[in-house]
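Trainee: Residue-level listing of the chains:
Number of protein chains: 2
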Amino acid sequence: MKLLVNPSLDEACSAFKDAMSSGEVVIIVGECEVEYEGRAASTLTSGERVVIFKQDGSLLVHRPEGYEPVNWQPPGCSFRASVTDEVFRVSATRLSPYEVLTISFSKVKLLFSEKLQDRGAFSLYASEEDMKRAIQLNPALIEEGLRLLTSEKDLGEAGYADFVGEDSNGNFVVIEVKRTSAGVEEVLQLARYVNEAKQRVNRPIRGILVAPSLRKGGQKLLEQLKLEFKMLSPERCRRELKRGRDVGLMEFMGLKR
Amino acid sequence: MKLLVNPSLDEACSAFKDAMSSGEVVIIVGECEVEYEGRAASTLTSGERVVIFKQDGSLLVHRPEGYEPVNWQPPGCSFRASVTDEVFRVSATRLSPYEVLTISFSKVKLLFSEKLQDRGAFSLYASEEDMKRAIQLNPALIEEGLRLLTSEKDLGEAGYADFVGEDSNGNFVVIEVKRTSAGVEEVLQLARYVNEAKQRVNRPIRGILVAPSLRKGGQKLLEQLKLEFKMLSPERCRRELKRGRDVGLMEFMGLKR
DNA sequence: ACGTCGATCTCGAAC
DNA sequence: GTTCGAGGTCGACGT
Chain D
453 MKLLVNPSLD EACSAFKDAM SSGEVVIIVG ECEVEYEGRA ASTLTSGERV
503 VIFKQDGSLL VHRPEGYEPV NWQPPGCSFR ASVTDEVFRV SATRLSPYEV
553 LTISFSKVKL LFSEKLQDRG AFSLYASEED MKRAIQLNPA LIEEGLRLLT
603 SEKDLGEAGY ADFVGEDSNG NFVVIEVKRT SAGVEEVLQL ARYVNEAKQR
653 VNRPIRGILV APSLRKGGQK LLEQLKLEFK MLSPERCRRE LKRGRDVGLM
703 EFMGLKR
Chain E
453 MKLLVNPSLD EACSAFKDAM SSGEVVIIVG ECEVEYEGRA ASTLTSGERV
503 VIFKQDGSLL VHRPEGYEPV NWQPPGCSFR ASVTDEVFRV SATRLSPYEV
553 LTISFSKVKL LFSEKLQDRG AFSLYASEED MKRAIQLNPA LIEEGLRLLT
603 SEKDLGEAGY ADFVGEDSNG NFVVIEVKRT SAGVEEVLQL ARYVNEAKQR
653 VNRPIRGILV APSLRKGGQK LLEQLKLEFK MLSPERCRRE LKRGRDVGLM
703 EFMGLKR
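Taken in sequence, the protein lines are chains D and E. Going letter by letter, the first sequence gives residues 453 to 709 in our numbering. Going letter by letter, the second sequence gives residues 453 to 709 in our numbering.
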């Protein structure tokens, strides 16, 4: 671990070398110019930025505003640091494609380095949008033989049901999708859509609530209102989308012939 | 400017609030968990990370490896910080789409904040824009005798072709330009433009894809769709632009070529 | 507000 | 290695 405040450029340079050779993450805040040449080319004139160097050979130059780095280098490049003419210069070189990024510090305000321990697990869960896409792709996720008629159908003032469709017996089906555990609120929402539909469609109507789980209160209410529940998890939808992409690609290739 | 090393969570929290209210960039290195809920949802279990908060309401969570932030929030969100139960918690909320990201620090190793001054100018060279400018300047880069009629012509719902023109035989020509190697996707894009043009122009139409190279799949599809490919690199265009500038300058100075 | 498109996109997976 | 599609893509530009 190392921390330097307003160090000389020489101090910063040697600390940088030490840190990188021992596999630490280095953060430098200071005034710098940046040049890049490779797939494209760019220059950035002097200003104060935050630069992060990682042990996997990636690098980020961040201005004080904006989500995206103004300059960067992906993992796998090699760093070279030196001081000449009152400038602490770090170049990051990458092969394939060949690209060089050079940062020239005229002033270092902060240099921090440390080996960070991160064994954390990252999990990403599907959005409700993903679930709807998966259902549209494969309505059988809800029920075998289900055919979707429209999506986001306008059911009037009650709002918009996620889907309406028709089951294998010709019944009209109204579907409401939730990404998280459903409760009383969601059952009532579905009930409103079903009631709206009853005033417009003159045949048997089923209402299906689709969610990864249904809480107690929702369960009771659901039975009273004679609605139905279909368990479907975002994870399952994620897999289905992945599968669907592959199938879609196959069809696309076969169709072209 | 503020710098805290191994501060208490309360110290970190109050420093964070001070810094954000005075428009500083804040960097926190420490052990944290991250939760996100919005378009999708994600969790990240405990580990050491670098977190950058910017004045424009953007936020980045970086692990010790990788170019991309593991979690983030784009500009425009509002931060809220608090300490409860031995946890320093920062939540970043964004409306439209509604998204919340929460970082829970169990340990802060470093907190640095400062108002950064950055008025630097960023310039990028060899973009697709540069290629288009070069082509406009000298259409013969694509084909001898080619005359451009318009650029970015509105071809309706299919989108916008980069150029339309007329070849030396009076055929209508639709042109799509790519800076990098072109594949199936780009051929399909050109095909859409050509189809749109066919509904509007009642004469022979050629479609030309301009790019530094054409990959396998794109090549096959291109032949099937009877479209054409013209190799042109960004580097060549850069040279052409440079030449054009020189010529323009000469003419401006009143000199003969 | 929404839609399209480019990006030094990056990343992963399949071939 | 090349090719290809996804992304919480982001960001810019046009309608």
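Quick caveat, the hints were computed from the structure, so don't treat them as lab data. Quantities reported herein were computed from a predicted structural model and do not represent experimental measurements. Backbone N, C-alpha and C define an ideal beta-carbon position, used for all residues, glycine too. Any given hint could be a false lead.
Unchecked claim - The calculated lysine-lysine pairs, modelled on DSSO-like cross-linking and capped at a C-alpha distance of 30 angstroms, are:
no. : chain 1 : residue 1 : chain 2 : residue 2
1   : D       : K567      : E       : K672
2   : E       : K682      : D       : K559
3   : D       : K559      : E       : K567
4   : D       : K584      : D       : K650
5   : E       : K694      : D       : K567
6   : E       : K567      : D       : K469
7   : D       : K561      : D       : K454
8   : D       : K584      : D       : K454
9   : D       : K682      : D       : K672
10  : D       : K561      : E       : K672
11  : D       : K561      : E       : K567
12  : E       : K469      : E       : K584
13  : D       : K561      : E       : K454
14  : E       : K469      : D       : K469
As the list claims (entries may be wrong) - Calculated Cβ distances over 12 angstroms to all of chain D for the following chain E residues:
no. : residue
15  : E476
16  : V522
17  : G528
18  : D582
19  : S620
What the hints assert, rightly or not - Listed next, the stretches of chain D that the computed footprint assigns to chain E, with coverage defined by at least 3 CB atoms under 8 angstroms from CB atoms of chain E:
no. : segment
20  : 556-565
21  : 653-662
Trainee: Does the alpha-carbon distance linking K567/D and K672/E stay inside the 30 angstroms limit?
Mentor: Given pair K567/D, K672/E is violated - Cα atoms ~50 angstroms apart, limit 30 angstroms.
Trainee: Decide if the proposed pair is consistent with the structure: K584/D and K650/D, CA atoms, cutoff 30 angstroms inclusive.
Mentor: 23 angstroms, holds
Trainee: Could you check that no beta carbon of chain D comes within 12 angstroms of the beta carbon of S620/E?
Mentor: 32 angstroms, holds
Trainee: Within a Cα-Cα threshold of 30 angstroms, do K559/D and K567/E meet the stated pairing?
Mentor: Holds: K559/D and K567/E sit about 15 angstroms apart, inside 30 angstroms.
Trainee: Against the 30 angstroms threshold, does the CA-CA distance of K682/D and K672/D hold or violate the hint?
Mentor: 15 angstroms, holds
Trainee: Need the status of pair K469/E, K469/D: alpha-carbon distance at most 30 angstroms?
Mentor: Between K469/E and K469/D the Cα gap is close to 34 angstroms, so the pair fails against 30 angstroms, i.e. violated.
Trainee: Closer than 8 angstroms Cβ to Cβ for three or more residues is the test here. Does the segment 653-662 of chain D pass it with chain E?
Mentor: Result for this restraint: violated, n = 0.
Trainee: Within a Cα-Cα threshold of 30 angstroms, do K567/E and K469/D meet the stated pairing?
Mentor: 27 angstroms, holds
Trainee: So if I understand the rule, the pair passes when the alpha-carbon distance is 30 angstroms or less; does K694/E with K567/D pass?
Mentor: 47 angstroms, violated
Trainee: Does K561/D pair with K672/E here, judged by a C-alpha cut-off of 30 angstroms?
Mentor: The hint is violated at about 56 angstroms.
Trainee: Per the stated criterion, does the least C-beta distance between V522/E and chain D lie above 12 angstroms, as a non-interface residue requires?
Mentor: Violated: least Cβ distance 6 angstroms, not greater than 12 angstroms.
Trainee: Next pair to validate is K561/D with K454/D; report whether the Cα-Cα distance is within 30 angstroms.
Mentor: Within the cut-off at roughly 14 angstroms; holds.
Comparing the model with each earlier hint shows violations of hints 1, 2, 5, 8, 10, 12, 14, 15, 16, 17, 18, 21; every other hint is respected.
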